[in-house]
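**Student:** So you can see what is in the structure, the chains are spelled out below.
2 protein chains.
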Amino acid sequence: MNKLFIIKIGGNVIDNSDALRSFLGDFATVDGRKILVHGGGKIATRIGEQLGIESKYVDGRRITDDQTIDLVTMVYGGLVNKKIVAQLQALKCNALGICGADGNLVPAEKRPVKEIDWGWVGDVKSNQLPSDRWQVLLDNGFVPVLAPLTHDSNAHIMNTNADTMASAIAVALSTAYDVRLIYCFEKKGVLESVEDDNSVIRTINKESYAQLKAEQKLFAGILPKLDNAFAAIDAGVKEVLIGHADDLLQNTTPSTTGTLISA
Amino acid sequence: MNKLFIIKIGGNVIDNSDALRSFLGDFATVDGRKILVHGGGKIATRIGEQLGIESKYVDGRRITDDQTIDLVTMVYGGLVNKKIVAQLQALKCNALGICGADGNLVPAEKRPVKEIDWGWVGDVKSNQLPSDRWQVLLDNGFVPVLAPLTHDSNAHIMNTNADTMASAIAVALSTAYDVRLIYCFEKKGVLESVEDDNSVIRTINKESYAQLKAEQKLFAGILPKLDNAFAAIDAGVKEVLIGHADDLLQNTTPSTTGTLISA
Chain R
1 MNKLFIIKIG GNVIDNSDAL RSFLGDFATV DGRKILVHGG GKIATRIGEQ
51 LGIESKYVDG RRITDDQTID LVTMVYGGLV NKKIVAQLQA LKCNALGICG
101 ADGNLVPAEK RPVKEIDWGW VGDVKSNQLP SDRWQVLLDN GFVPVLAPLT
151 HDSNAHIMNT NADTMASAIA VALSTAYDVR LIYCFEKKGV LESVEDDNSV
201 IRTINKESYA QLKAEQKLFA GILPKLDNAF AAIDAGVKEV LIGHADDLLQ
251 NTTPSTTGTL ISA
Chain A
1 MNKLFIIKIG GNVIDNSDAL RSFLGDFATV DGRKILVHGG GKIATRIGEQ
51 LGIESKYVDG RRITDDQTID LVTMVYGGLV NKKIVAQLQA LKCNALGICG
101 ADGNLVPAEK RPVKEIDWGW VGDVKSNQLP SDRWQVLLDN GFVPVLAPLT
151 HDSNAHIMNT NADTMASAIA VALSTAYDVR LIYCFEKKGV LESVEDDNSV
201 IRTINKESYA QLKAEQKLFA GILPKLDNAF AAIDAGVKEV LIGHADDLLQ
251 NTTPSTTGTL ISA
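Chains as they are written, first to last, in UniProt numbering: chain R, 1 to 263; chain A, 1 to 263.
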């Protein structure tokens, strides 16, 4: 099977133009089929403030009202996405900037209202991704660059978690390619001690994950990422790698950098 | 050869949500391969005012400075483009929202500075469009929805004329498909008398165009559209139709509505 790299970057890379340039330079050199999934970054909040759109959060997560979905559609789907595309095209990497709504490549549904109305937030329908359409793009030399937006099949755009999109794509394409899913974040990997940047845990499997959780050793912010990673592994993705953008792409031997997630 | 419809809509449709919904309903029903090219509309100016970005014009044409290119990248490439995609997807039309930078589908170069520095404005390199990449998308069921942006091969996004993009795509694909290029605008067609909305000229060929220009009968604003149309015809496009969005798609027999441009 052909290799496919699915690489997700978040705000820490997007918000820093030097870090982004450096990352994209590395990304452009990755051989073969690849997909870049990007988050939003703080720029949406900054532009929202200029437009008088107040950011509302519950438990640190944004509520996406009518104004906010227009804001993130502009910023994630337009500004961030197309700037990445222009940079990659300048590096002769054939980036195609899209979002999950385009080609219905990441089907989703509006999150049901329970205690909290999250507004225009989409949950990925993980078992409905059209792997044939993805293959058309990948097998013809396009490098999809994906913004974290989907649609609700009722003419609305929705804000959608980029980590989840990346893992859903990885799972859907794992029957067609030898998929390596890479989450880039601000740390060198999953840390044994949050205070010590060099305490990277080299490998985590299901058993050690259960133990780490039981001991409450892990930083809470990493748990959704790890849950996404194990969901992907359970569903056929070969490797998930978590770590800092600087390290992961330059050195693609997973044993030497970041945290490798395996069954 | 298979038919390909390339349909361009401008601000008069985009700025009016009812007109846009009606147009997209018609567009979704057009059988077979199709591309939608959209302009920007007044919404960029409105959001620009909220952000304190002053619109600068020379001879009615926008100067695209650093702030303005970010603005139109957000609004055209994000907000307008993705809202159209979500509406078309709700109608089961497999829209893929992109711009000319994506996949380098519309190569362009920065307009040289002469008397006027237009800023981040791209001129289409008409003879360099990758028709093979377009065919991959069209022949696999994607319906490209194109925002009027390109890139300069040096990591910058550029504002680009949507009429010109539509005609360059039409020309590039005229060897692979039987192309009908359709310009939707606010009038029912090219008018013999600007005051009379019903004075539509049914057909214009090169000879009659030369005569109409000599007699200075035509509204100046229509001349660039007609020049684009004749450039397309000269380069192999079969038909160019100019008229109102309401009429053109519902009735695809060109003799009964709008203005048909022929050699």
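Certain hints may be false.
[Unchecked claim] Just a few of them, taken from the derived set where beta-carbon distance is under 10 Å, the chain A residues facing chain R:
no., residue
1, T45
2, I47
3, M74
4, G77
5, L88
6, L105
7, G141
8, L149
9, F230
[Said to hold, decoys possible] No more than 30 Å apart at the CA atoms, straight line, and that leaves these computed lysine-lysine pairs for DSS-like:
no., chain 1, residue 1, chain 2, residue 2
10, R, K110, R, K188
11, A, K56, R, K92
12, A, K114, A, K42
13, A, K187, A, K217
14, R, K92, A, K42
15, R, K125, A, K92
16, A, K125, R, K110
17, A, K56, R, K42
18, R, K42, A, K42
19, R, K125, R, K56
20, A, K42, R, K56
21, A, K3, A, K56
Derived by calculation from the structure, the hints in this document are not laboratory data.
Every value quoted in this text rests on a predicted model; they were computed, and no experiment measured them.
Every residue, glycine too, gets a C-beta built ideally from N, C-alpha and C.
**Student:** Indicate, hint by hint, whether the structure satisfies it.
**Tutor:** Hint by hint, here is what the structure shows:
At about 14 Å, the closest approach between the beta carbon of T45/A and any beta carbon in chain R exceeds 10 Å, and the interface hint on this residue is violated. The restraint placing I47/A at the interface with chain R holds, with a minimum CB-CB distance near 7 Å, inside the 10 Å limit. For M74/A, the shortest C-beta to C-beta distance to chain R is roughly 4 Å, which falls under 10 Å, so the interface hint holds. For G77/A, the interface hint holds, since its Cβ comes within 10 Å of a Cβ in chain R; the closest pair sits about 4 Å apart.
For the restraint placing L88/A at the interface with chain R, the shortest Cβ-Cβ distance is roughly 9 Å, inside the 10 Å limit, so the hint holds. For L105/A, the suggested interface contact is upheld, since its CB lies about 8 Å from the closest CB of chain R, less than 10 Å. The restraint placing G141/A at the interface with chain R holds, with a minimum CB-CB distance near 8 Å, inside the 10 Å limit. At about 6 Å, the closest approach between the beta carbon of L149/A and any beta carbon in chain R falls short of 10 Å, and the interface hint on this residue holds.
With a least beta-carbon distance of about 31 Å to chain R, the hint placing F230/A at the interface is violated under the 10 Å criterion. A C-alpha spacing of about 34 Å is found between K110/R and K188/R, which places the hinted pair above 30 Å, so the restraint is violated. Annotation: proposed proximity of K56/A to K92/R is violated, straight-line Cα distance about 33 Å (limit 30 Å). Distance hint between K114/A and K42/A is fulfilled; the C-alpha atoms sit about 28 Å from each other, no more than 30 Å.
Distance restraint check for K187/A and K217/A: the Cα-Cα separation of roughly 16 Å lies within the 30 Å cut-off, and the hinted pair is therefore satisfied. In summary, the hint linking K92/R to K42/A is not supported, as the alpha carbons are separated by about 34 Å, beyond the 30 Å threshold. This hinted pair checks out: K125/R and K92/A have alpha carbons roughly 17 Å apart, not beyond 30 Å. This hinted pair does not check out: K125/A and K110/R have alpha carbons roughly 42 Å apart, beyond 30 Å.
For the given pair, K56/A sits about 28 Å from K42/R by alpha-carbon distance, which is consistent with the 30 Å threshold. This hinted pair checks out: K42/R and K42/A have alpha carbons roughly 27 Å apart, not beyond 30 Å. Of the supplied pair hints, the one linking K125/R and K56/R holds, its CA atoms being roughly 26 Å apart against a limit of 30 Å. For the hint pairing K42/A with K56/R, the CA-to-CA distance comes to about 28 Å; that is within 30 Å, so the pair holds.
At roughly 41 Å between alpha-carbon atoms, K3/A and K56/A are farther apart than 30 Å, so this suggested pair is violated.
The structure is inconsistent with the numbered hints 1, 9, 10, 11, 14, 16 and 21, although it conforms to all the rest.
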